[in-house]
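Undergrad: Construct the complete structure from the given sequences, taking the supplied hints into account.
Quick note, the sequences are listed as chains R and X, same order.
Take 1 as the starting number for the first sequence in my numbering and just add one per residue.
Take 1001 as the starting number for the second sequence in my numbering and just add one per residue.
These aren't lab readings, by the way, just hints derived from the structure by calculation.
No experiment lies behind these values; they were computed from the predicted model shown.
Check before you lean on any hint, since a few could be wrong.
[What the hints assert, rightly or not] Computed, partial: chain R to chain X, Cβ under 10 Å:
id: 1; residue: T12
id: 2; residue: S25
id: 3; residue: V43
id: 4; residue: D46
id: 5; residue: L47
id: 6; residue: R48
id: 7; residue: R50
id: 8; residue: T183
id: 9; residue: M185
id: 10; residue: G188
id: 11; residue: K191
Heads up, the beta-carbon is just placed ideally off N, CA and C, and yes, glycines get one too.
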Amino acid sequence: MAERTSVILGATSALGQAVARALASRDEALVLIARDARRLERVAADLRARGASVAVHTGDFDDLDTHASLLDAVGEADDYWLFYGTLPDQHACEQDWEATAAALHTNFTSAASLLTRIANRLEPRGSGCIVVVSSVAGDRGRGSNYVYGAAKGALSLFCQGLRNRLSKHGVQVTTIKPGFIDTPMTAGIEKKPAPLWATPERVAADMVRARDKGGDVKYTPWFWLPIMLIIKSVPERIFKRLSL
Amino acid sequence: MADYRSWGHARAASQVARVPAWADAPPGPGLLSEPPARGVSSLAYGQGRSYGDSCLNSDGELIDTRALDRFIDFDPSTGRLSAEPGVTLAQMLRLIVPAGWFLPVSPGTGHATLGGSIANDVHGKNHHADGCFGRFVERFVLQRSSGERLVCSADENAGLYRATIGGLGLTGLVLEATIRLLPIRSDRMAVRIDRFQGIEAFSALAAERRDTHRYTVAWLDCAAGGDAFARGVFLAANHVDKGGPLEPVPAGTRLTVPFAMPARFLNRHTIRAFNSAYFARHKSLHQRQISQHYQGFFYPLDAIDRWNRIYGTRGFHQYQFVVPPGAEAALSSILQRIVRSGMGSFLAVLKEFGDLPSPGMLSFPRPGLCLALDFADRGARTEALIRALDDEVRQAGGAAYPAKDRLMTAEAFRAYFPGVDAFTQYVDPRFSSDFWRRVNG
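TA: Shown next as structure tokens:
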């Protein structure tokens, strides 16, 4: 019998799969949620072959009305890992409010809806963890991806507040801020400078460690912490002229 | 976009790559029916452990299978494993060893993928006992550019099955495959060690150990001439039969070659010294038996990440060939040429192949003696040496291994692989590689 049950929201993402494998190797039970049933089954089969106990639920995170029933179907769990998101085309978002609204909806509004419901399940229970994948892009608005950055920035703030609220009730909220991750989603981007790109396995290992150690905000790989400290410290007067 | 090279550091001009995340694209437009990002041909790329240019596709597209790395099913009661093509052998071992199973055939690295092991019909130290990897491939699903997904086995689409095993990735994209595993009772190997000198002494040892040991291989000093010519260390091993620990090695390596070493690091003197040291180190172990974890026996070089960097930025050639039984004299003459050239490098690997046939039409292993060795790339000098070796191998009725090659001529290819006439009809019209274009030039 597994000691701990983790709910993976966005289980078909590269990072979601990597974390699920890391948890499976530690005999934790898994509940996988994603939209595409066929792909979800593929991921579940992989984890079962690795010996994990796996349950699956399909759900469309964009559809806020389904969130309550989705979490009801999942039932009791210890940890919730929130992975899903989209990497919107910044240029398209600039031209079209609908594209911006869709990106904000998926990356922030829907996450906030789920987090609210998850928080209200864990708070009376007095235990559990919520691990949320935000991004270094949320630390400072940049011309090249401020729509994504705004959604992730809002998500980071939301998690900060949630942590402040839930820490009094024994519930951990861990915000993960990854940098560049080498995944199929980023396959078309030139991997330069190469040392800044991390594998999903590396980031997943950092995430599991952050959960185990009760981390609050975790930059992964670690070198993004000093990088973002520098980027955040550049005066706006200068920053606005840079092309980043 | 990552820089896709082969293990010997061969590069291709203007290649593009895509990284599909899913092998089970919904029915309708298949994985390959979207037009390639550029160019006209595609080729699957796994971990880039082929040495030459069989894994490269200049002016074409690579389908990087690294995200197709899921297990599909593992049945510990029957020892059948199904997985996507990008799963590596090391990843499989981490799953199967604790359940008492092992790979039926292991090449010299655990970093090769399942897809690559099929495409090159890899062999290992048990070729004399078990044959090639392809003999253990029960079935696979092949995606063709026509949009068809074909289940291939010895009974179903048998032509494509035989063409794809050892088919250098030219018949389409393998989406998943099922292999039969070997049961083991311990992660330890019982290894018998004998030093020898001369090809005849090697052959005598191989004949003596053939029926008693599942795995045999020899490390050969290819720098020493004169009295020390063709000296080496013969290893013969079996899985320990007594129940023991079943521990796979964890992911990750401890050592990495951090950057390409200066070319001068490898020269006649350092190589000679290294080979002598290796031979000397086995003095005390001569005619003894040791117990060793499987990792050190099968994959000694995997302990050093990116070991290919020791050959510098220009990279290296690996040359591997087989000569038929009875051609010891030819092998001796080839080895003498290598020693004289002073270009032989670290330990060469000598292995006796057996006569178990592979289902693969283009499979490389065949009965005889097989030698593999590295040559640092010194440009024209190295090429001239390899071409001269190729001539001798052809005259001896042997063959060279496409997975290691980037110099084989069209003529040599046809001589080495008479099965190519039957093979060509199964090549997917949208698949190609640098190697394939060269040997069809």
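Undergrad: Against chain X, run the beta carbon of R/M185 and see if the smallest gap drops under 10 Å.
TA: holds (8 Å)
Undergrad: Given R/D46 was flagged as interface, is its beta-carbon under 10 Å from a beta-carbon of chain X?
TA: holds (4 Å)
Undergrad: Any CB of chain X closer than 10 Å to the CB of R/S25?
TA: holds (9 Å)
Undergrad: Given R/R48 as an interface hint, is the shortest Cβ-Cβ distance to chain X below 10 Å?
TA: Status holds, d = 8 Å.
Undergrad: Can the hint on R/T183 be confirmed by a CB-to-CB distance to chain X that is less than 10 Å?
TA: OK, holds: R/T183 within 10 Å of chain X, min 7 Å.
Undergrad: Verify the interface restraint on R/R50: the C-beta must sit less than 10 Å from at least one C-beta of chain X.
TA: Given a least distance of 6 Å, the restraint on R/R50 holds.
Undergrad: Can we keep the R/K191 interface hint, with Cβ of chain X closer than 10 Å?
TA: Constraint on R/K191 satisfied, holds at 5 Å.
Undergrad: Could you check if R/T12 really has its C-beta closer than 10 Å to a C-beta on chain X?
TA: This interface hint holds because 8 Å falls under the 10 Å limit.
Undergrad: With a cut-off of 10 Å on the beta carbons, see whether R/G188 makes it to chain X.
TA: holds (7 Å)
Undergrad: Checking hints one by one. Is R/V43 an interface residue toward chain X, by the C-beta closer than 10 Å rule?
TA: holds (7 Å)
Undergrad: Can R/L47 be said to touch chain X, with a Cβ gap under 10 Å?
TA: For R/L47, the interface hint holds, since the closest Cβ of chain X sits about 9 Å away, which is under 10 Å.
Violated hints: none; the structure is consistent with every hint.
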